[in-house]
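Peer 1: Chain by chain, the residues:
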Amino acid sequence: MKRRDLLAGTAAVLAMPALAQNKPDKLVYVGDNGPWHWAMVEEVAPEFEKQTGIKIDFTLLPVDPWRARLKTELNSGSSGIDIVQFSVGMAGWISPHFDDHEEFAAKIMARDPEWDWNDFLAGSKKAATYDGRTIGIPYRITTGIMHYQKYLLDQAGITRLPETFEELRQAAIALNHPPERYGFGLNGRQGAAMYSSFSPWLYSAGGDAVDFKTGEILINHPEAVAALEFWSGFVTKDKIVPPEAMTWDFEEIVAGGQSDRYAIVETFAPYGTLINDPKLSKSGGKWIWDTVPGKTEKSQSKTWVDGHSLGIPKYTKNKDWSLEFIRLACSKQYMRRSMIRGNAPPRGSVLRDPEMVRSIGWTEVAAKAIETGVPTPADPVFQALEVSLRSGLSQTLIGEKTPKQALDGVADDWRRIMRRAANLR
Amino acid sequence: MGGTTTTAVQAGLTAAKPARPARAAIRGRWLDRQFITFAVMPTTLLMLCVFGLPLVFSGFLSFQGWAPELGLFDGKFVGTANYEDLLTDPDFIGSVRLTLIYTVVTVSAELICGLGIALLLNIDLPYIAIFRTFLIVPMMITPVVAAFCWKLLLDPDHGVINYWIGEHIVWLGRPDTALFAVALVNVWQNAPYVSILLLAGLRSLPHEPVEAARIDGASTWQMFRHITLPLLRPYILVALLLRTIFEFRAFDNIYVLTSGGPANATMTLSQFTYLCSFVRFDLSLGAAASWLMLLMSMLLCLVFMSTVRRRDAS
Amino acid sequence: MAALNYVGSRRSKLLFASSVYAALIALTFAFLFPLLWIIGLSLKTRLQVFANPPLFVWWPTWENYAAVFGRADFLQAFINSLLVSSGAVSLSLLVGVPAAYAFARFPFFGRNFLFFGLLAMRMLPPIAVLVPMYVLFSKIGLTTTRSSVILAYSTFSLPLVVWIMRGFFEDLPRELEESAWVDGASRYQTFFYVVLPLIRPGLVAASILCLQLAWNDFLFAAVLTNNATRTLPVLMAAFSGGDTGVDWGGMTASGVLVILPVIVFSFLAQRHLVAGLSSGAVKG
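Chains as they are written, first to last, in my numbering: chain A, 1 to 425; chain B, 1 to 314; chain C, 1 to 284.
Here chain A stands alone, though its shape is the one from the complex:
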């Protein structure tokens, strides 16, 4: 970190005399235990402690206990958490506990214009919004993009990256070389990763899950069915997916890429680093990236966007100090550091930085995808809907049901779930 920035930071802190009175000795941060926290834990927190004398007490839990803890503590109005890390899908039920973070962002800007709130990608800000209110500062933004093994495309004489569904299908078929390497990889396990594997096709085909404003269920409309026919066709009709992909959740799809089991895949942008690293991957160094194809033309390309934001709950007594920590953690220099250490930060300047593009590779594509991406729906009922969708998708991949049958079944189940939600509120 440059000395100039350090001085600027210290000056900013010293410019807050009013805070010095009720300074806590620690701030409690509750988040999940993903390994992308390195920069925050090992660099930002010590720097923050050096500048302010306040320790950061990190509580990093696996996904389910993390959500359970946040729900119970925030619902009881406890002041025990100072900084909340929440994911996009949680925004719906967590929003009542947060004030408008546009004001917080403005506060930071007033003190530190270099911080540049406009540098944050529009898609990431959308992901930290619920019901028209910004409720957090985005820290990590993930999106689904295409990963291609370039030399295989060259070998097959494919000069232009696929822009439509059909082009992608043809490319995958051409690159299919069983049993060593298959054409296409996807998440086939009935689990949390399935949505990220299917939804780009849903959105790029012009489909959607639910119109939350009207409550209309769209998951079994023709666009969605077409998307599922396309995606499941890789497994059931063309058979160009590795058979073990039926057990693939998040980490297995990475392992599959590292074992060179497929030539093309749509998955998390940050996985590109893991799959392309020659130290970890057999196929290291061979990958290039692009946004997902559209159904009939590239402009229809739309993918999912997810990630984590940092928020200050209403009940904490240390709002200003929490804000200070967030300012530091989300500053340009520390977000750049976090990128090097495994994060995918939502800043345009970082993602489009030529050095980042050169060394990491997928960042520019990710930035493009995030601009138009669809954030995971934050309506609280979506969690239940997504679980129900998983079984329908799984049944299609196994071949138990046709796409239309499966999605009709999912729609029926969704009707029950939404009726239940409406009755109980």
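Derived from the structure by calculation, the hints contain no laboratory data.
Ideal placement from N, C-alpha and C gives every residue a C-beta, glycine not left out.
Warning: the hint list may mix true and false statements.
Said to hold, decoys possible - Mimicking DSSO-like on lysine-lysine, the simulated pairs with C-alpha atoms at most 30 Å apart in a straight line are:
hint, chain 1, residue 1, chain 2, residue 2
1, A, Lys295, A, Lys213
2, A, Lys239, A, Lys404
3, A, Lys26, C, Lys139
4, C, Lys139, A, Lys314
5, C, Lys139, A, Lys23
6, A, Lys314, B, Lys76
7, C, Lys139, A, Lys319
As the list claims (entries may be wrong) - Residues on chain B that point at chain C, a partial pick, calculated with CB under 10 Å:
hint, residue
8, Leu55
9, Leu61
10, Asp74
11, Ala146
To be verified - Away from chain B, derived, C-beta distances all over 12 Å, residues of chain C:
hint, residue
12, Phe109
13, Val204
14, Trp248
Got chain A sorted already, so can you dock chains B and C onto it with the hints?
Peer 2: Positioned in the frame of chain A, the structure of chains B and C alone reads:
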């Protein structure tokens, strides 16, 4: 053995007999009568507070309509709506059926395996005890660790199982093989427990009937079927009961291996309840499902015990 | 004792013995292989873990254990696990053994109700009480402490303790206590000085089973502790990081370190374990 007990008793008595004045004696007698209370009270309190309260709260939740944005006590009363929703949900009914079938199959497998192992360990050969020591290990391993290990063993590409079989079976990717794999892991982990129970039973069996039968010229199989098995019945029944309770609500292994898939093939009640409470975050539905699980479990045990009692009586 | 001994020629006896040993060796291999495989995985690098065909012979690496021990929080988690487990075992025994004695010896008001309640506790899926328990603890300010975990574990091992110890107590001949009472000893004195020393094997058995329950639990510890008070299984879960993949080497290394103490302990005390499991069981 009698000698040591009497000495022990005497030693205990000498330690236990201080002199006492009159008022202390009266207080002492009252204290004495309260012994049962003092002995049982901590258990009751602990049970009621740390277990009973959450259980009652869970029951309370199951009659509420609770949405994730509300405070925990702010749901509105909806009567049996949650239970109705469950009982009309085809996924829940499917889960119940699957859990019952799964329980029966795994418990039977555990009993058969356990009995076989116990019979082997009961044989009077040198160093047999060493085998018993080793065979206990699976039940001591943290279930989550064991499940992760099996996941790697069953991996289609890098797994040892496929390597030995020579076929590329995607164990956890097809409904039938996934269910089999999940059952296999549970049986692997729990058959040793059954074998220990039954081994103790075999050890405690009287020798006379066996000797008599052998003198009468009965074959090994006949002795086993008509003497050993009936004498072993109480132990088998206890093993059956305990294992049924556990397999009915088994969670860790299935969660790690398949978390309910593929296509709901391993979606037992415990997985279903977990998804309700922790992923869908529909706590009232999860509470209702848990209560239904508890009631079903109790019903199973009651049916079981009354059948046994009826057969004993007849 | 050995129901399958039989009279036969020396040769057929030898044949019989060797087939029994062969069967037992095969069974032991089948049951122990996964454990050996975990240990093997902990000594492999990531690339070796995913080698295809699987590696049976390789040069072991200590990097995973080094990584695990190098974590500052590993020692802390280990200590936490020790504290929590011993606390849970002590509390369960302290509370459960006298109750088991009462169950075995004295018919008292509410006995059947209490016993049924304990049985119900065994049948309930733990996830059902997880969130309500968390709420309860947060109301009394115990969340993130080790005490909350100790209380939770005690609740789950209590039925086990009562179940097993009751069997042991019932096995004791009444005459010993009766002669003590006749001699003027109080109930308490009889219990402490006469009865307790005689059921020590049962105490050992119950302790091992409670220890295993407390040491191996993951879900409750994950929700009820924070980074400072978390136990080993929770730390282990940190190696499987959400949407960035599983660190197999770190996970298996920490997995081995988690299961080793319990296995060693049960090796040492397995005789008592067998006695304990069987005695309590039948009378149940």
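Peer 1: None of the hints should be skipped; say for each whether it holds.
Peer 2: Taking the hints in turn, this is what the structure says about them:
no., hint, verdict
1, A/Lys295 / A/Lys213, "holds, 25 Å"
2, A/Lys239 / A/Lys404, "holds, 19 Å"
3, A/Lys26 / C/Lys139, "holds, 22 Å"
4, C/Lys139 / A/Lys314, "holds, 19 Å"
5, C/Lys139 / A/Lys23, "holds, 26 Å"
6, A/Lys314 / B/Lys76, "holds, 25 Å"
7, C/Lys139 / A/Lys319, "holds, 23 Å"
8, Leu55, "holds, 6 Å"
9, Leu61, "holds, 7 Å"
10, Asp74, "violated, 13 Å"
11, Ala146, "holds, 6 Å"
12, Phe109, "violated, 9 Å"
13, Val204, "holds, 14 Å"
14, Trp248, "violated, 7 Å"
Violation of the numbered hints given earlier is confined to hints 10, 12 and 14; the remaining hints are satisfied by the structure.
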